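Trainee: As a plain string of letters, each chain reads:
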Amino acid sequence: MSVPYSPEEMMTIAAARMLRNGAVCFVGIGLPSTAANLARLTHAPDAVLVFESGPIGAKPPVLPLSIGDGNLAETADTVVSTPEIFRYWLQGGRVDVGFLGAAQLDRFANINTTVIGPYQKPKVRLPGAGGAPEISSSAKEVLIIVKHSKRTLVDKLDFVTSVGFLTGGEAREKLGLPGRGPVAVITDLCILRPHPKSRELEVASIHAGVDRKEIAESTGWDIKVSENCEATETPSMAELDALRDLKARTAIAHGMQGEEA
Amino acid sequence: MAQWTSLSEAIAENVCDGDSVALEGFTHLIPFAAGHEIIRQRKRDLSLVRMTPDLIYDQLIGAGCARKLTFSWGGNPGVGSLHRFRDAVENEWPAPLEIEERSHSDLANAYVAGAANLPFSVFRGYAGSDFARVNDRIRSIACPFTGEMLAATPSVRPDVAVIHAQKADWKGNVLLWGILGVQKEAVLAAKRAIVTVEERVQSLDAPPNACILPSWVVSAVCEVPRGATPSYAHGYYDRDNVFYRAWDKISRDRETFNAWVKKNILDTDSFADYCKLKNDASAQVATA
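Residue numbers (this note's numbering), protein chains in the order written: chain P, 1 to 261; chain H, 262 to 549.
Because the hints were derived from the structure by calculation, they are not lab data.
As the structure is a computational prediction, the values presented were derived from the model and not from experiment.
Yeah, the Cβ is synthetic: ideal placement off N, Cα and C, and Gly gets one too.
Errors might be hidden in some of the hints.
Stated by the list, open to error - Okay, the calculated beta carbon distance ranges per label pair:
| id | chain 1 | residue 1 | chain 2 | residue 2 | range |
| --- | --- | --- | --- | --- | --- |
| 1 | P | Thr234 | H | Leu538 | 49 to 59 Å |
| 2 | P | Glu217 | H | Asp306 | 48 to 58 Å |
| 3 | H | Arg513 | P | His43 | 37 to 47 Å |
| 4 | P | Ser6 | H | Tyr497 | 31 to 41 Å |
| 5 | P | Val3 | H | Gly341 | 26 to 36 Å |
| 6 | H | Tyr497 | P | Lys213 | 49 to 59 Å |
| 7 | P | Glu74 | H | Asp528 | 36 to 46 Å |
Said to hold, decoys possible - Away from chain H, derived, C-beta distances all over 12 Å, residues of chain P:
| id | residue |
| --- | --- |
| 8 | Ser6 |
| 9 | Gly57 |
| 10 | Asn112 |
| 11 | Val160 |
| 12 | Val183 |
| 13 | Val210 |
| 14 | Glu214 |
| 15 | Asp222 |
| 16 | Ala238 |
| 17 | Arg249 |
Construct all of the structure, not just a fragment, from the sequences and the given hints.
Mentor: Laid out in structure tokens, this is it:
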């Protein structure tokens, strides 16, 4: 039996499935927070959510609008200062998974959240780094969640804010970064994974109703499809219910119209 | 020893044109009342430092108070862009804004170094990124024991730190709790510190290990109820998410922004006045 769902729901659910139960996950606001909280409400009740504002083990009843919402502090196992989060917990090597978004992403999963256009005279000034540069280098592994479009998946970044595999191959290992780097990029069309040798992102799993042509046309480089490319499992009723309930609760709590949540 | 003063006196005495100023508070306890007072007193050429500029610096930048901004994430949390910040960077309006861009981890470490009276901070960061290419203050240093290359950046030592907290006692000892961000480090890194609080109490009644800033590290303490709104004060009031969303529209257009600053800040006498104006407006909407 198939239930209608949106591409964004598919993306969030596919991302949530990547988080294993018990993993310590450093979470950004927006799509990463939605996916991590969905994981916690479904298959990963013991996932430990860490936020850069200081809460460790937060179990928010609704999605936070900001990275420092009160419900994160109230539901956390402990709340530490922001320097402590970055020094003892992230740099200390205690984070299993970093969950990041991106304004621009290249074929080696490097991320730009800084500027579009030249740095000194930007066409668009984006918010900037936040915690991402050190999450991408210090978390044991990284998951990236982005909407698939040519504007986002680009041939060349205007600025490297946070590193994936740099120029590919062994480049990341040579730099001596503590974490393994990105293991998957989850979009609303498919799941990309780095090729084991070249580290170039390849299509590893395609969501139902999406064809290869659409992925190619929505990607800013000539994207390859993995030999073992699979079909993404469609969302279950339980996953969809959990996600929709979470979003509905969030909309009510933040006094939003449904579309905004 | 902290002096209990009015907020207008505290800003007049401690914030000078050209100072480097850090108004801190990580989403929680953002000192909006103090930010408004800086705008009201038309302070100029400030070098602003803050991890997340948030609406408070969008207001200061748009009102023409800032010459430079040191920051690590400049968005409207959960909403989108900071339009006044973007307009200053992209179009030099109302004035050119020099930026020094760092990461959260860097600035958090730099405040710790400042509080510890060290000239620079050392951490694992920035490797492989483009930051060092655009900011020559982001450098690296070899570990003298292992040779590992680490990021080195200048500590943050502001002239003035400004924070908001829940309580202070009659002596001016300050207690804060909930999400603490880098406020303690900012106060200890700064030459002078202003603290606004929700309430003045006889005794703090805090357990050992609570986050307390003793009176003698604070220059001025001011009782400003609701002084963090539209941010929140844990145990007192919630974040005004409606205002954070409304700000997107207010700040998008220069004229709308100027009119908002005039009506809500320049033409009001105090933050209490502003809160009353805002309450009356919401009451009108509610009864309409």
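Trainee: 48 to 58 Å was suggested as the range; check whether the CB atoms of Glu217 (chain P) and Asp306 (chain H) agree with it.
Mentor: 50 Å, holds
Trainee: Checking a non-interface call: every C-beta of chain H should be farther than 12 Å from the C-beta of Asn112 (chain P). Is that right?
Mentor: 9 Å, violated
Trainee: Looking only at beta-carbon atoms, does the pair Glu74 (chain P), Asp528 (chain H) fall within the given range of 36 to 46 Å?
Mentor: 38 Å, holds
Trainee: If you check the beta carbons of Ser6 (chain P) and Tyr497 (chain H), does the distance land in 31 to 41 Å?
Mentor: Cβ of Ser6 (chain P) to Cβ of Tyr497 (chain H): about 39 Å, so the range 31 to 41 Å holds.
Trainee: Looking at Gly57 (chain P) again, its CB stays over 12 Å from all of chain H?
Mentor: 14 Å, holds
Trainee: Falls inside 49 to 59 Å, the C-beta gap from Tyr497 (chain H) to Lys213 (chain P)?
Mentor: 56 Å, holds
Trainee: Between Val3 (chain P) and Gly341 (chain H), does the beta-carbon spacing fit 26 to 36 Å?
Mentor: With Cβ atoms ~31 Å apart, the hint holds.
Trainee: Would Asp222 (chain P) pass as off the interface with chain H, using Cβ distances and a cut of 12 Å?
Mentor: 24 Å, holds
Trainee: Quick one: work out the minimum CB distance from Ser6 (chain P) to chain H and report holds if it exceeds 12 Å, violated otherwise.
Mentor: 20 Å, holds
Trainee: Range first: 49 to 59 Å. Now tell me if the beta carbons of Thr234 (chain P) and Leu538 (chain H) are that far apart.
Mentor: Holds: the Cβ-Cβ distance is about 52 Å, inside 49 to 59 Å.
Trainee: Taking the closest pair, is the beta carbon of Val160 (chain P) still more than 12 Å from chain H?
Mentor: Answer for Val160 (chain P): violated, closest chain H Cβ roughly 5 Å.
Trainee: Hey, is Val183 (chain P) genuinely clear of chain H, shortest beta carbon separation above 12 Å?
Mentor: Correct as stated: the minimum Cβ-Cβ distance to chain H is 18 Å, above 12 Å.
Hint violations for this structure: numbers 10, 11, all remaining hints satisfied.
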